[in-house]
Structures are given as structure tokens and as C-alpha cells.
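Chains as they are written, first to last, in the working numbering: chain A, 6 to 229; chain B, 3 to 109.
For the record, the hints were derived by calculation from the structure and aren't laboratory data.
Hints are not guaranteed to be accurate.
[What the hints assert, rightly or not] Reference excerpt, derived from the structure (chain B facing chain A, CB under 8 Å, subset only):
1) Gly27
2) Ile31
3) Arg36
4) Arg37
5) Thr41
6) Pro45
7) Thr48
8) His60
Model, not experiment: these values are computed from the prediction.
Glycine included, each C-beta is placed from N, C-alpha and C at the ideal position.
Given next are the chains, with one letter for each unit.
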Amino acid sequence: MTADPVTATIRTLQRSLRGPRRARAEMVREVHDGLADAVEGYRDAGLPLAEAQFRAVADFGDPRHVAAELQAELAARYGRFAAARMAIAFPMLMLLWDQIWAGDPATAHAQATTATTLLADLIDVLSLTAAAGSLLARARLSLGARRGVDPDRVTRGIGFLALCTLVSIGGGSILLNLVNDWPDEGLYDTPLAIGVFLTTVSVAIWVGVSGHRCLLLGRLARIA
Amino acid sequence: MNPDAIRGHLDGMLLAVLEDEPLHGYGIIEALHRRSGGTLDMPTGTVYPALRRLERAHWIDGSWSTVGGRKRRTYTLSRAGRQELVRRRSEWIRFSGIVGSVLGGTT
């Protein structure tokens, strides 16, 4: 059985859109409401249902073109979401790890080692720079809409920033633990340290997934 | 009327139709149609992404509300959107005046 033109249009939109589920569902619902209103308008003007549906869909235009433009908005929405959380997550992890090292007696020894101190400072700078970059990217996705800034590109940039930060901070942290020469017995045994470690792993996984999704959605919006 | 020419002014026209009252998607399309005397010829589907873009720019605010017993996404012009509309209007008056003078359509 062939679907009516309105249902077919909505299905095309549903099939074409990728991104945050709730935002996607809201967009499709809004379009569906608009098409239903248009059909109702033509029906009120005296047209039979099939003709009213045909006219409403013809007025709407090619759903693939509409999907392409909506896809850019979905990418922007996800990019803003990811950037806002990255701006909080990176400094938060930095502060949590600082708490652990500051509270450990071995820290005094570690701070005496120039290479370790430099590396730790570098990780802090990277965290804060990534957070600042995330805030900037988020602002470009919001206020940049006033100046015609390409949301696809900014969202891809956020994805790139997320993955680069993950690799650099993750790699730096591993290196920090390898080059330090403080006695690490008991350093990670406290409940706080275990909690911070688990939080770090969760955030790292989230950043990796979000970065990948930003790259994917930004690319989809570009080619849509 | 050329749809490409309209597209460049779509954002301004959307802000203009929201100036008097909050409207939902189809209400906006109807208002555009009415204000243009039925001559505005563009795919109505292009309105929805444009509304999302204007919302992202904080020129309009969108929220779900019940209109006529049905849930609808309704848009309201924000303070920043009102200022942008004023700016676009004055820019358009200046622009159309210049082009009109050159083409000889205005006296």
C-alpha cells in the first residue's frame, strides 16, 4: 500500500536526519504539524483530501533539501552540547587531579622534579586551552548564526578539538606517571583517587564518543 | 518572483511577521503569504530550518504550546531579534532606495 504524500514526505525526513534523537523528533513533528495544517487549510478551501495533500507537499518542496538544512541545525545543536560539556569537564578533571596530588605526601618530591612539574603544568595549560576553545566554538555556533558562520565546520572543529585534547592530555597523563620517580604506593588507593580515576575514564570515553559524533554530524551536514 | 532572491531576505521577513505576535510554523507561512499578497513563491519547507537558525542566533525563542487544542512549536521575537529587525528594515530602505534610483523606478 502506497503512503499518502504527507506520510512519504515525513518518512523521507526521518530517514535523512541524523543527530540528537529528541531534537530530531521535535523537528520532524514540527514539519508534520505544519503539513497537517496546510492540508487542513486546503480542505477548508474545498479541496478533496488527496488534492489537499498533494498541494501541501508540492508547496513544501523537496524534503531532501529541507533535511539537508535541518541536518546543519542538528549538527550545530550537538556541537553546542558537546562544547558546553567539554568546557566544564576539562577544568573539572584538572582540579580533581590537583586535589589528589596536592593531598599526597609524595607530591612534594614530585614537585622537585623539573620534568614532572613541566609536564603537569603543560597538561593543565592544555586542559584550560581546550576549555577556552570549547567556549569559543560554542559562541561561534550561537552568535555566529548572525554572521552566517558555517555550523558544519565549527561542529567538525569541536570534534577535532575533543579528540586532539583527549589524545594529548591522555598521553601526557600516561607519560607523567611513567617519568615520575615518586613512590606511588597508596597514591591511587584512596576512595577519592578511585572515584576521580573512574570519573576520568568515563569523561574520556564520553569525550571520545562526542568528538567522533561531532566529526560525523559535521561531515553529514556538509555533504547533505 | 525568483526564489533565490527571496532566500536572501527570508530571515528578515520571518522576523517581520513575528513582530506583532507569536506564531507557529504554518502561521508564519500563512503570514508571509498574506503579507505578500500571495506572490511570495518559495518552498514552504525552507521556513523550518530558517526558524531553527534564527533561534540559534537568539533572535527568536521557540517553545511548545497548545494552540487550538493541538501542541505547536510557537516562535516569539526576542529583544535582540527586534533590534535586528530594525537594523534590517533601515538597511533595506537604504538599499532599495539606491537600487531604485539607479534603475529609475523611484522619483
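Comparing the hints with the structure gives:
1. Below 8 Å, beta-carbon pairs count as interface contacts, and glycine 27 of chain B has one with chain A at about 4 Å; its hint therefore holds.
2. Because the beta carbon of isoleucine 31 of chain B sits about 7 Å from the nearest beta carbon in chain A, less than 8 Å, this interface hint is met.
3. At its closest, the beta carbon of arginine 36 of chain B sits 12 Å from a beta carbon of chain A; the interface hint therefore is violated under the 8 Å criterion.
4. With its C-beta approaching chain A no nearer than about 16 Å, arginine 37 of chain B sits outside the 8 Å limit, and its interface hint is violated.
5. Because the beta carbon of threonine 41 of chain B sits about 14 Å from the nearest beta carbon in chain A, more than 8 Å, this interface hint is broken.
6. At a threshold of 8 Å, the smallest CB-CB gap from proline 45 of chain B to chain A is about 2 Å, leaving the interface hint in force.
7. Taken as an interface hint, threonine 48 of chain B checks out: its beta carbon lies about 7 Å from the nearest beta carbon of chain A, inside 8 Å.
8. About 7 Å separates the beta-carbon of histidine 60 of chain B from the nearest beta-carbon of chain A, less than 8 Å, and the hint is met.
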